[in-house]
Amino acid sequence: MISVRDAHKLYGNVRALGGVSFDVERGSVFGVVGPDGAGKTTLLRMIVGVLSPSSGTVDARVGGDGSDSKRRIGYVAGRFSLYEDLSILENLALFSRLYGMDAARAASRSRELLELTGLLPFGDRLAGRLSGGMKQKLAIAAAVLHEPELLVLDEPGTGVDPVSRRDIWSVLYRLNRGGVTIVVSTPYMDEAELCTRLVFLHKGRVLESGTPDEICDRFPHRILRVRTDVPETRRRLADFPSLSVSSFGRTVRVVVDGADADALPRLREHLARAGIAADVDAVRPTLEDVFVLAAESGRDVA
Amino acid sequence: MKDAEAAVSTVGLTRDFGSFRAVDGVNLDIPRGAIFGFLGPNGSGKTTTIRMLCGLLRPSSGSGRVVGCDIAREGEAIRRRIGYMSQKFSLYDDLTVAENLTFYAGMYGLANAKRRERVDAMIALADLRGRERTLTGALAGGVRQRLALACAIVHEPEMIFLDEPTSGVDPAARRRFWETIADLADGGATIMASTHFMDEAEHCTSLGLMYAGKMLISGSPDALKRELTVAAGKIWQARVPDSIGFLDRIRAFVSGGILDAYIFGASVRVLACGARLPADVAGAAAWEEREPTLEDVFVHHVRSSAGMEGQRCDA
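Residue numbers (the working numbering), protein chains in the order written: chain V, 5 to 306; chain G, 13 to 327.
A hint or two may mislead.
To be verified - Cβ-to-Cβ under 7 Å is the rule here; a few derived chain V residues that face chain G:
1. P166
2. R170
3. Y177
4. R181
5. G182
6. M193
7. L198
8. F295
9. E300
No wet-lab data here; the hints were simulated from the structure. Glycine is no exception: its CB is placed at the ideal position from the N, C-alpha and C atoms.
Whenever a hint applies, use it, and build me the whole structure from the sequences.
Have a look at this one:
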């Protein structure tokens, strides 16, 4: 549905995108994952069609003939862009008129979306008086009022607490099941895991792409997890042969070569000799493990 | 004696704004050297609590001590001994790296020799040797963030408050930032980080979850996950073709025992009471047990505390 081919974007001499290529298939929940400044918003704006690449192409094939393609796309910007001094219902009514929907259709569609987002009891509340999660859900409802085929969202989970974030994702999955292709950006790995496919963007380039499982399966190393209450365990593992050692609270993750089959017993022995009581097990790499490695090696490329 | 004292201890800390109770009887006991993650939705009372701990806001009732000082009477002394780094780093873009550090050192009243020594130590900590004269505005996000931390701790505070410190920073820089934080904690500083992000929460040695002014739960990330398994149940994951249809069917036909069910990428996850899935659910897919995430813990506790239906296991 979307095809991005060697897309570059320069703002003056700042390179926001440096040759990005990927495809988004119809029906996916597609993640554009990366830190601030990676080029996520630039890329999303190109997909929506409000920004052109400096070179290369970005095509979103929606609506058949392409002439009214923007009408077939819904966009939720990173910043809340609805009217804070209008109620939920007034905001939706306004958008339905902008989309040229007839009143009866607009009313039934609004009701359907308010039910889907759980906002139905709050129809008369001013948008400015909604919590962050509710605002986000209202913005989604407004963006899909006209039943677009493609919904593009710029960091819908940022600044939102985990309960609201889970609600928002449940709304996205339901829209997706109803036939809407979703493209969503996020800087967070736990949201990246929720996508069916994703690209990891770093300094304007794609460093990884695929399903979360494919990406984790490609990770060439093994992760050994050490759980202990002994402080400074990370430092005391400095002389254990490994690719990296990092601490997460009282948990330490040790990255070892994938071919090193007896690293686990050696690590156990090492800890025992150091007098550190710990649980050690081999765990599946997370997307974060993969992206840390990719970002570190990507630094040389950039 | 002083070292044995907790970095933060509060008893029944409460703050009312008119008839609204923003913070409701919070008891905290954070040992020195801890990295305490302060979780909770917006408006749950985290910021009000932190303002009281910094001595900026008087409690309506209850009491507390931070780094050995009384929060109601010794706010001034507390503020000299804490560091604060916000999400929006307050750095001066048109000053150089060294100038920003010198400015903050001066603001905290460090005298000449000490000031030079600390600025130098912070340049090393932020790994900015050789870039002392770079304009701050020209630094990349991850580097700015290290400089912001260096500025916030140039006066060697015993306690450091962080507000979503690694929001939007790339994973490698984020991991590196938390290593520095772990080193500072190993060196005896106490860290209190407020965040919405479970990625960040995983880096803490202990966590507290606040909701509607109350501290719902606290403990280490591992302990909270284990506690969820004991108090509620296990997390199961399965890959099914039509995950939403599947979840709707589960919700419709299951008699009880499912506390939470949600889509996880191409899979579904459920939080089920006890050690096993109810028989009708167990037979519906090829389930694998998964470790609960901190998000599972957070969502479960907030929902049960909000009195949402279906959050209890009947014996």
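When the hints from earlier in the document are held up against this structure, which numbers fail? 5
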